[in-house]
Amino acid sequence: MKAKTLFDKIWDSHVVSSIPDGPDVLYIDKHLIHEVTSPQAFAGLKQRNLPVFRPEKIVATADHNVPTENQHLPIQDELSRLQVQTLIDNCNIHNIELYGLNHPYNGIVHVIGPELGLTQPGMTIVCGDSHTSTHGAFGNIAFGIGTSEVEMVMASECVLQAKPNKMRITIEGNLAKAVSSKDIILYIISKISASGGTGYFIEFAGSAITNLSMESRMTVCNMSIEMGARGGLIAPDETTFEYLKGKEFSPDNKSWNLSLVKWKQLQTDKNALFDKEWIFNAEDIGPMITYGTNPGMGMSIVGNIPQLNSIPKESRDSFQKSLDYMGFEPGSKVIGKKVDYVFVGSCTNGRIEDLRAFSKLVKGRKKADWITAWIVPGSKKVEEQAKKEGLESILNAAGFELRQPGCSACLAMNDDKIPEGKYSVSTSNRNFEGRQGPGARTLLVSPLTAAAAAVTGRITNPGDLI
Amino acid sequence: MPIEKFKILESNCVPLQVENVDTDQIIPARFLKATTREGFGDNLFRDWSFDENGNRKEDFVLNNPKFSGKILVAGRNFGSGSSREHAAWAIYDYGFRVVVSSFFADIFKNNALNNGLLPVQVSKEFLTTIFLQLNENPKTRLKVDLQSQEISLLSNGQKEKFQISHYKKECLLNGYDDIDFLVNLKDEITEFENKDSK
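Chains A and B, in that order, are what the protein sequence lines are. Counted the way the working numbering counts, the first sequence spans residues 16 to 481. Counted the way the working numbering counts, the second sequence spans residues 998 to 1195.
Because the hints were derived from the structure by calculation, they are not lab data. Everything numeric in this text was worked out from a predicted model, so none of it was measured. It cannot be assumed that every hint is accurate.
Stated by the list, open to error - Derived BS3-like pairs: lysine-lysine, alpha-carbon spacing no greater than 25 Å straight-line: (1) A:K336 <-> B:K1054; (2) A:K352 <-> A:K375; (3) B:K1183 <-> A:K336; (4) A:K24 <-> B:K1183; (5) A:K178 <-> B:K1166.
Stated by the list, open to error - Beyond 10 Å from chain B on every Cβ pair, some chain A residues (computed): (6) Y42; (7) T52; (8) P70; (9) N80; (10) R245; (11) F289; (12) M314; (13) I350; (14) G405; (15) E407; (16) A412; (17) R445; (18) G454.
Positions of the beta carbon are idealized from the N, C-alpha and C atoms, including for glycine.
Hey, can you work out the whole structure from these sequences and the hints?
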């Protein structure tokens, strides 16, 4: 039999049929929805007079557009309130499980899926959100779709999708002190660019990946889309199984062993071929930071921004435009630069390990006076856990507050907006112009580097503080 | 919803000579609170097009009276970032029917095609030529012929073939959308489910 990649195995087993010179009809096992990209899909079904085909395969949450304080009160912003209410109404009409505001399972869609055990190896998972790639950390095919495709999946439990090419990124070796999985992925994107993965689905492999915890693996897969890839996955192993054991929606005792037998087969065959391969050394990776307006514009935190003449001629105008927006000069350093805001949260770094890393560094220190910090847990469960294990007390003692869960300042749909011209050191995933508010200047970092900036008020190498 | 049929388009063009135009630029997140598909065109490229007081910025190409038309020509890696289909809706709602670039992000490309907005990927060289011609003569016209999969500069006849899957081409030429297709497959899908659960 022909050697297959893990991606091939999962994809091929979900193809209902193939259209000649067209896409495959791909069966979807789990459909996650939220308030922003679903209303028009429900409206489309209504207009066609179609039911939701398999409502039991859908799970909904409100996350993008919710406030991160006073969640017990009605949402102040009228449009946001209406959008969240529309989700509630649609879920009621179509009998869809909703973990709305104040539900103990509420949170960012890509945080709750894994922590509830909804996300499992071997599945196909979609959501109207590009960071659906996060779920690939469990060895499944998970990717973001548009609203027309959300409607397709609601109507038929399938999506029409051309099979992407396959890429493998292998990282071998041990990570240095103060280096985390966020630094790994920012490093990879800086090497292969914000479009280097376009047209591909990525498998991450190598000892530096398999040594990571599940939460750290999620951070890596989460940002696959930031190099243009539809998704990224990691073969499941003991770490995966250990994480899933006992979760709310994981297979129960009776079916657990049967699931394990299936999951253990989810590996890339030894001689399987990829369309493209990259190999990196973990030892080459230090704490990373972005300096521009796409996630590919990243460097070592102690490095220099590239000189203009090192950029291809046709890209120089765009590069210069990006630096002008950020207020940086080609060739300069960012280390030591004063910053204004620190944001910890998002589907990239809003999990309990991220809050632990941040808390550990700020413990016994104080927030710099001029810093405004927003520490936003990724879910109710993360929030609860942070309180239970004393992280909130550590944060409070250091001058920080824990907010309530949501996407928050990652995309600034709610009130958590960074003002124009201000520098935001952020653990989120996108440094696009205006992403965190009109005119906001975003520097993407790990939770540890965010902590170092929060207590010094400047861009600081976290390795100097621990 | 059936999409608008697309066969041939001849039009003036609007050049947006910027690389890595992400969907947050096309339509910022704060405008995604609507629950319908209409009206996003008003906020297309909002923060490049308007200042903080809502006044149009004259130096932005959409506000330059020299340029108009149904074809947007943009730098490489157009539509990266968020999967928000609102980006495709905004471009379509504004009046564009074709986006030309030398490279498109995957999700944007699907979203565009699902809404009757045709992404035309050309070579780096041809894109440079189009930008040059538009700089010299803002009234430069492009012709996009979906049936023959050809894009040409009407001024000098220079042309290039572009790629599109046979399936999507038929959808656009005839105004079909994917949901009709999938709903007709329900028996096959149910059969697949039954087989899979065994």
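Taking the hints in turn, this is what the structure says about them:
Between A:K336 and B:K1054 the CA atoms are separated by roughly 16 Å; this keeps the pair inside 25 Å, and the hint holds. Straight-line distance between C-alpha atoms of A:K352 and A:K375 comes to about 23 Å, which keeps the hinted pair within the 25 Å bound. For the suggested pair B:K1183 and A:K336, the alpha carbons sit about 50 Å apart, so the restraint of at most 25 Å is broken. Distance hint between A:K24 and B:K1183 is fulfilled; the C-alpha atoms sit about 24 Å from each other, no more than 25 Å.
For the suggested pair A:K178 and B:K1166, the alpha carbons sit about 18 Å apart, so the restraint of at most 25 Å is met. Not every beta carbon of chain B lies more than 10 Å from that of A:Y42, the smallest distance being close to 6 Å; the non-interface claim is violated. Under the 10 Å C-beta cut-off, the non-interface status given to A:T52 relative to chain B is violated; the minimum distance is some 7 Å. For A:P70, the non-interface assignment is confirmed: its Cβ lies about 14 Å from the closest Cβ of chain B, beyond the 10 Å cut-off.
Not every Cβ of chain B is farther than 10 Å from the Cβ of A:N80; the closest lies at roughly 7 Å, contradicting the non-interface assignment. A:R245, annotated as away from the interface, has a beta carbon of chain B within 10 Å; the closest lies near 6 Å. Once the 10 Å rule is applied to beta carbons, A:F289 is consistent with being away from chain B; the minimum gap is 18 Å. At the 10 Å boundary, the C-beta of A:M314 stays outside the reach of chain B, the nearest C-beta of that chain being 17 Å off.
Every CB of chain B lies more than 10 Å from the CB of A:I350, the least distance being 25 Å, so the non-interface label holds. Non-interface status of A:G405 relative to chain B is upheld: no Cβ of that chain comes within 10 Å, the nearest being about 34 Å off. In this structure A:E407 is separated from chain B by more than 10 Å, as the shortest Cβ-Cβ distance comes to about 28 Å. Once the 10 Å rule is applied to beta carbons, A:A412 is consistent with being away from chain B; the minimum gap is 34 Å.
Consistency note on A:R445: stated as away from chain B, yet its beta-carbon is not over 10 Å from all of that chain's, at 6 Å minimum. For A:G454, the requirement that its beta carbon stay farther than 10 Å from each beta carbon of chain B is not met, with the minimum near 8 Å.
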